[in-house]
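Chains as they are written, first to last, in this note's numbering: chain A, 1 to 102; chain B, 1 to 628; chain C, 1 to 516.
For the record, the hints were derived by calculation from the structure and aren't laboratory data. Some hints here could point you the wrong way.
Said to hold, decoys possible - Cβ pair distances, simulated, as ranges:
id	chain 1	residue 1	chain 2	residue 2	range
1	B	A616	A	A96	21 to 29 angstroms
2	C	A447	B	E161	18 to 26 angstroms
3	B	T600	C	I146	30 to 38 angstroms
4	B	K575	C	H50	45 to 53 angstroms
5	B	I20	C	A447	55 to 63 angstroms
Claimed, not checked - Residues from chain C that face chain B, not an exhaustive set, calculated with beta carbons under 8 angstroms:
id	residue
6	F299
7	L417
8	T420
9	F437
10	T440
By construction, the Cβ of each residue, glycine as well, lies at the ideal position given by its N, Cα and C atoms.
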Amino acid sequence: MNTIPVEAGLLLAGILFVLGMISVLVRRNIIFMLISVEIMLNAAGLAFIVAGSRWVQPDGQVMFIFILTMAAAEVSVGLALILQIYHQLKTLDSDAANKMKG
Amino acid sequence: MKELLWLIPTLPFTGALLLILLGRKLPRFAVSLIGAGSVGLAALITILIGIDFNSSSENSFQQVLWTWIDVAGFKPQIALHLDALSFVFIFVITFVGFLIHVYSTEFMQDDEGYARFFTYLNLFVSSMLILVLADNLVLMYFGWEGVGLCSYLLIGFWYLEEKNGYAARKAFIITRIGDTAMAIGLFMLFKAFGTLHIQSILTQAPQIWTVGSEGAVIIAFLLLGGAMGKSAQLPLQTWLPDAMAGPSPVSALIHAATMVTAGVYLIARMHVVFELAPLAQMWVGIIGSLTLLLAGFSALTQFDLKRILAYSTISQIGYMFLALGVGAWSAAIFHFMIHAFFKALLFLAAGAVIHLLHHEHNIFKMGGLKNKLPAIYWTFFIGSASLAAIPFVTGGFYSKDAILWLSLAGEKGNVGFFLAALIGAFLTSVYTFRMVFVTFFGTEKTHVSHPAGNRMTIPLIILAALSTFAGFIELPHSIAHVELFSDFLLPVLPAITLQEGAESKEWIVQLIAVVISLSGVYMAYYFYIKKPELSDQLKASSIDFHNFWFSGWGFDKAYDTLFVKPFVFMATINKQDIIDKFYDELVQLADFLHRVFAWTQSGILRWYMVGIVIGAILIVTLSLLVGS
Amino acid sequence: MILLWFIIILMAGGILAWIAEKWNADLSRWISFLALSINFVIAVMIWSQHDFISIEPNSVWIADYAVNWIPVFGISFHLAMDGLSLLMLILTFFLGMLSVLTSWKEIQFKVGFFHFNLLWVLAGITGVFLTMDLFLFYFFWEVMLIPMYFLIGIWGHENRRYAAYKFFIFTQASGLLMLLAILGIYFIHGNVTGTYTFDYFQLLNTPFEPGMARWLMLGFLVAFIVKLPVVPFHTWLPDAHSQAPTAGSLILAGLLLKTGAYGILRFVIPLFPDAAHDISKWAMLFGVIGILYGALLAFSQTDLKRLVAYTSVSHMGFVLLGVFAFNELALQGVIMQMITHGISTGALFILAGSVYERIHTRDITQMGGYWKKAPFMGFIAIVFVMASLGLPGLGNFVAEFLILVGAWNSTHILTILATTGLVGATAYSLRIMQRVFYGTEIKSNHAFEDLSLREKLMMVPLVLVIVWLGFFPQPILNTSKIPVMNVIEAQSNTRKENVALEKLNTNEVLKGDNHE
């Protein structure tokens with residue numbers, strides 16, 4: 001059976017993770033930041049899957065299901081927070097939420 | 001009778017205490033009774049003790065009252081020691097003190113602080129008596145500082161004038177400088193002898209030290225420092241002319257008769273130490289002769305009646321120091337006694353003049369008082385004659401003549417000392433009679449308010465009598481050879497040894513002294529009575545000298561620039577305390593760090609993300625590096 | 001047991017006074033006064049009944065009280081009293097009574113809490129003077145710190161917050177160093193002997209390596225010299241003194257500073273005799289610097305309370321000089337100085353407080369000529385101004401003279417410099433008289449009345465005490481004789497041992513040479 005080499009899978013996961021991270025850093029719209037975090041989570045999940053298939057262990061997929069659950073929970077909390085922020089500040093710019101500086 | 005010795009200082013002290021407690025409530029009559037009465041009683045007891053003491057065979061008498069401090073061998077007692085030397089002093093203090101108290105009851109009668117005045121005066125008499133009666137140096141230091149305090153309080157008696165307060169403070173601080181030297185001397189004495197008991201020190205000193213020992217010399221110089229401060233000798237003399245801010249009886253009692261001679265007492269009391277330290281003793285003489293010259297020149301130029309007398313006092317104490325310096329111990333004490341009489345007299349009479357002329361101090365605004373105030377004129381004249389050492393009839397002649405003679409013929413005397421004393425004698429008679437002629441002769445310029453009362457004139461008359469007749473108890477060889485006074489002091493103070501073959505020249509020296517003092521009087525007469533315009537011309541032609549002498553040889557100014565201004569400057573620039581700046585900087589640093597860290601807490605979400613990312617990268621890199 | 005009561009009465013009195021405010025503010029004043037006077041009477045009775053001269057040198061402890069507190073760590077509640085502690089206690093209660101009296105009119109805000117703090121400070125001070133357990137000592141050290149912070153911070157003058165923080169940080173930081181040193185001793189002693197204990201008497205003869213001993217000693221010393229205070233750690237003092245209410249200044253100057261001196265005498269020298277001896281020259285130098293620098297700064301101040309505060313710096317320099325001269329004369333002088341300074345400076349602060357109550361300023365450039373209006377006050381002022389410049393006949397002279405005579409034995413130059421400090425003392429002391437009481441009165445709207453009956457009631461005892469100490473200091477000197485001898489013995493014993501050891505060594509070396 002011709003399989004994809006593990007390096008390629010990990011490379012894809014790495015690229016996805018870095019893309020997600022960069023967009024968290026540069027985006028100011030808080031919804032996009034949330035989406036970017038999701039991308040990073042999925043990148044991590046992908047790395048687990050690749051590793052799981054490399055050693056033929058179920059742990060990788062188990063971990064992915066964990067991440068999926070956590071991401072769902074995170075999104076629900078995150079969206080609630082975003083709604084609140086929009087409600088309070090009338091904007092989705094994350095820099096506006098700097099009330100706790102200093 | 002001798003057992004009553006403790007009463008002598010205690011009586012005036014009790015008087016002071018009563019006046020502190022009740023002074024403001026008592027009527028003036030009661031205040032005078034307590035104030036003058038307590039000193040009068042002390043004088044009476046002194047005379048009784050003196051009779052008793054003179055008839056007994058013992059040379060000294062101790063009375064221990066209680067142990068003051070007892071720590072590790074340091075055991076000063078509150079104990080009194082009476083011998084011939086301290087007797088002369090307590091006699092002068094109580095007797096002259098009593099006369100001045102009586103005088104003050106009239107002089108101060110309109111003053112608001114009547115009770116306060118007598119409180120201080122009594123306290124002073126008591127401290128001064130402790131000073132001279134102390135049997136150990138710590139107790140003497142007690143009296144020493146006590147009189148300093150009273151002097152401070154009395155100079156600043158009229159405290160509403162700010163400058164009086166400054167004069168008082170100046171006096172206290174300058175004498176304190178001398179006291180510091182003296183205190184260090186006491187530490188050294190205690191280290192050397194293990195005791196500060198005067199008689200033990202005097203007996204042990206020749207065993208511990210040889211003549212010229214380093215310890216003896218240093219200690220003698222330190223004690224001399226104390227004496228210089230208290231007795232207003234060069235270079236610590238500047239406080240005395242300013243001290244004239246006090247009421248005249250104070251100037252008479254403290255700044256002429258008693259306190260300022262405490263230095264003379266100290267040196268005479270510790271004469272054994274000074275004999276073991278010839279260098280220090282010579283410096284006593286040098287300081288005395290320089291002081292008497294400097295003060296003499298300054299007195300020539302003053303126009304404030306009391307300042308003339310103040311400079312004259314400095315100059316006369318210079319004579320006493322000169323006598324001490326050549327080892328003429330009893331001559332110094334004799335001059336002290338006579339000086340106490342005539343100088344107290346002069347100050348009291350001057351005070352009366354000033355009092356009756358509505359506080360006019362300037363002699364050139366007086367004049368012609370001879371007929372208006374005959375009693376004061378005559379007593380003042382007698383005092384002046386004594387000060388100027390008018391030959392044969394005044395006490396001052398005999399006491400000063402002894403010093404003149406011994407400064408040349410004494411074993412430690414020399415021509416330098418003699419010339420200084422001679423010039424000083426000439427200056428003395430010039431400035432004295434300048435003062436007399438300007439004040440009492442010529443035309444009347446100021447209105448006299450009322451004649452002086454009995455309480456003022458009687459003390460003056462008694463003092464005038466004393467300053468004339470007291471001289472006859474010690475007459476020179478060439479005249480009658482009476483030595484009552486020095487014989488009396490002989491158990492305490494050794495007799496002076498003369499240079500070989502000097503006795504025969506005594507009459508020459510006396511002749512010179514007579515000529516000098518009379519020519520001084522004539523010069524004053526010539527310049528101020530016969531041709532008054534000459535004195536103005538002289539003054540105008542040498543105005544620089546005049547001003548220099550008038551300001552007391554510029555000492556005040558020099559000290560001001562050398563010590564006072566730098567000290568005040570340093571104090572002022574450092575008012576905020578430079579060390580506190582360091583802690584302020586520390587606070588600033590903490591504050592700066594606080595700002596830096598607070599700035600990182602920007603509240604911008606993406607900043608925190610950057611932080612997390614950088615941190616994660618660092619950790620991963622480090623763990624990789626460490627792992628490999 | 002009586003020792004415990006001293007502290008309990010004060011602490012309970014404090015709580016009662018706080019509660020009593022609900023009914024009547026004056027009630028809490030009376031409760032505080034009563035608590036302090038009970039303690040004062042007890043202490044004076046003990047003093048008058050105890051024979052201090054003929055006792056055996058070993059039985060110096062008049063009373064001793066010890067119960068286990070936290071036995072696991074070797075902490076006990078151990079109080080003991082010797083002559084030195086007793087003298088300090090009498091001073092504490094005496095000044096405590098005065099501080100209640102002086103606040104009678106001044107404090108009108110949160111009266112109950114004020115007296116609570118006052119009594120708890122005093123309880124802490126009492127504890128510090130009594131405790132013989134290092135842990136407990138640290139505990140009481142903190143107890144006296146925190147209420148003092150409140151006293152300054154709540155009832156102080158215009159700049160009180162700053163002063164309170166400064167006071168707190170200085171003492172707290174230095175106290176932490178002491179805590180470290182205490183723990184250091186605890187563990188070293190435990191390691192060496194196997195018993196872990198904070199008990200003073202057991203720790204006394206702990207052997208240390210010289211290097212370690214030096215660091216531990218410095219830990220203690222820093223806490224004490226900050227309290228004392230020694231230049232350059234003095235800057236909290238003028239702020240705290242000038243901003244505190246009168247009672248606060250009185251307690252600070254009269255008592256808190258003395259805990260520093262007491263600590264050096266009780267802990268630094270007996271615990272680390274060698275290390276203390278090694279730094280003695282430096283300590284004396286800093287003492288002299290303190291004398292002169294304090295005098296210079298006192299002279300330049302225009303704030304009356306600040307001026308008096310700097311005089312404390314100057315006077316406490318004498319204490320440091322005397323302590324490290326290590327001889328009986330100087331140490332006796334130090335104890336006298338602690339007492340007389342407490343009284344004279346306390347009195348000057350009360351006077352400053354009285355002046356402030358009348359004209360609402362502490363600036364001496366706005367004063368002058370008050371002698372005319374308040375002659376009694378002028379009389380009191382002259383007494384304490386003279387005490388401050390060391391006039392014989394008042395207690396301070398005895399103290400300073402003994403210190404200087406004693407110090408002369410160990411150092412000449414420093415003693416000479418310290419003696420010149422007396423001239424400085426004259427300059428700054430007379431400045432008070434000159435500016436406040438001499439001269440003509442500057443016109444002001446305030447009526448300037450002479451001392452009231454309450455103020456006279458405070459001042460007259462102070463005058464009597466300072467004069468009594470000047471003429472009859474011997475009872476005090478007798479009381480403190482044995483504690484002082486013990487301090488000196490602690491010093492000389494170890495020195496002797498060391499010298500003996502060195503001699504032994506050299507002898508052996510010599511013998512060794514002979515054998516060869």
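Non-conforming hints, listed in increasing numerical order
Checked against the structure, the hints that fail are numbers 5, 7, while the rest are satisfied.
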